[in-house]
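Asker: FYI, in numbering that gives the first Met the number 0 the residues of the sequence shown are 0 to 334.
Accuracy of the hints is not assured; some may be wrong.
Computed list of lysine to aspartate or glutamate pairs in EDC-like fashion (alpha-carbon distance at most 20 Å, straight line) [claimed, not checked]:
no., residue 1, residue 2
1, K129, D97
2, K32, D67
3, K32, E220
4, K222, D233
5, K38, E221
6, K38, E56
By construction, these hints were calculated from the structure, which means they are not laboratory data.
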Amino acid sequence: MEYRVLGKTGLKISRMGFGGIPIQRIDAAGTRKLCLEMKEAGINYIDTARGYTVSEEYLGEALEGIRDHFIIATKSMARTKEAMAADIEISLKNLRTDYIDLYQVHNATLPQLEQVMAPGGALEALLEAKAAGKIGHIGLTAHGLEVFEKAVELDWVETFMFPYNIVESQGEELIKVCAEKNIGFIVMKPLAGGAIEDATLAMRYCLANPAVTVVIPGMAEEKELAQNLAAANDASPLSEEELAKVAAIRKELGTQFCRRCNYCQPCVKGINISGCFLFHGYLARYGLEEWARGRYATIPVKASACIECGACENRCPYNLPIRQMLKKVAADFGE
0 MEYRVLGKTG LKISRMGFGG IPIQRIDAAG TRKLCLEMKE AGINYIDTAR GYTVSEEYLG
60 EALEGIRDHF IIATKSMART KEAMAADIEI SLKNLRTDYI DLYQVHNATL PQLEQVMAPG
120 GALEALLEAK AAGKIGHIGL TAHGLEVFEK AVELDWVETF MFPYNIVESQ GEELIKVCAE
180 KNIGFIVMKP LAGGAIEDAT LAMRYCLANP AVTVVIPGMA EEKELAQNLA AANDASPLSE
240 EELAKVAAIR KELGTQFCRR CNYCQPCVKG INISGCFLFH GYLARYGLEE WARGRYATIP
300 VKASACIECG ACENRCPYNL PIRQMLKKVA ADFGE
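Put together the whole structure using the sequences plus the hints.
Answerer: Put into structure tokens, the structure is as follows:
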């Protein structure tokens with residue numbers, strides 16, 4: 000296993016980590032087994048979140064007696080000081096630990112990021128928790144490129160997590176900036192939320208980028224762990240055959256895959272188009288129906304509100320059939 004220093008944190012972590020979304024599908028015993036196997040394989044970075052229902056709790060039970068072998072990262076959607084302070088305490092209790100190595104502001108938009116940094120915002124709670132030794136470092140995660148552009152200019156951001164994969168390379172130049180500014184870069188959705196079926200190629204593509212610090216594929220089964228380990232431990236350059244497969248995947252998914260660049264916005268009806276597609280991905284590909292439906296329920300204007308004006312499609316740089324895609328979202332979610 001290759002190890003890297005996670006940017007400003009100074010933490011030495013495995014190049015491949017563990018994404019804790021899918022363990023919602025299994026149980027604490029299955030999570031324990033995975034963690035023991037990861038320990039033996041040299042994987043020492045675990046990512047979870049307050050929003051992943053039972054994920055923190057399963058991991059807390061699974062890491063009993065082996066917690067010190069792992070760097071634990073979690074995150075919260077809290078935007079205010081009070082809410083973030085409460086979430087940090089819940090995370091500590093769930094994870095059965097007295098410190099969390101990395102605590103991240105989860106999936107912030109630009110307006111939410113301003114709220115986080117304003118007086119009484121979540122950043123105050125994070126800094127206080129860091130001073131008290133409850134958390135070691137502070138990071139930020141997002142799906143929007145505009146937040147990424149802002150994040151690399153913020154001194155308090157020690158790590159940044161963003162989608163990066165064969166069909167989502169919109170953040171590639173900013174990933175280089177992270178390396179230049181010693182901000183640890185964490186790859187989320189290396190398999191594009193399950194849209195890329197060749198997991199080995201997907202992992203090798205991400206790890207071939209020297210500016211990437213760690214890739215965190217979501218795993219819930221031993222076979223997934225074994226497959227991802229094999230890819231992570233293969234340090235050879237991508238072959239011509241693999242590069243041809245990359246091009247083919249881009250061609251195949253390019254007409255149906257949202258990169259969340261948000262050039263399609265604003266919608267005349269107020270639909271959060273990329274948000275609809277994001278949650279639909281969890282429903283269609285992750286096998287997390289209840290969680291996906293709960294997330295979709297938080298969107299104030301549903302996909303069914305589309306009036307098919309086509310303005311979004313005229314702005315989409317990838318020429319996606321957004322109107323048809325929104326119809327599919329509405330049909331599958333029932334609204």
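Asker: Take the hints in turn and mark each one as holding or not.
Answerer: Each hint, compared with the structure:
1. Of the supplied pair hints, the one linking K129 and D97 holds, its CA atoms being roughly 12 Å apart against a limit of 20 Å.
2. Between the alpha carbons of K32 and D67 the distance comes to roughly 17 Å, so the proposed pair stays at or under 20 Å and holds.
3. Under the criterion of a C-alpha separation no larger than 20 Å, the hint pairing K32 with E220 is consistent with the structure, at around 10 Å.
4. As the CA atoms of K222 and D233 are separated by approximately 17 Å, the hinted pair is consistent with the 20 Å bound.
5. Between K38 and E221 the alpha-carbon distance is near 13 Å, which keeps this suggested pair within the 20 Å criterion.
6. At most 20 Å may separate the alpha-carbon atoms for a hinted pair to count; K38 and E56 meet this at roughly 19 Å.
Violated hints are absent here; each numbered hint is respected by the structure.
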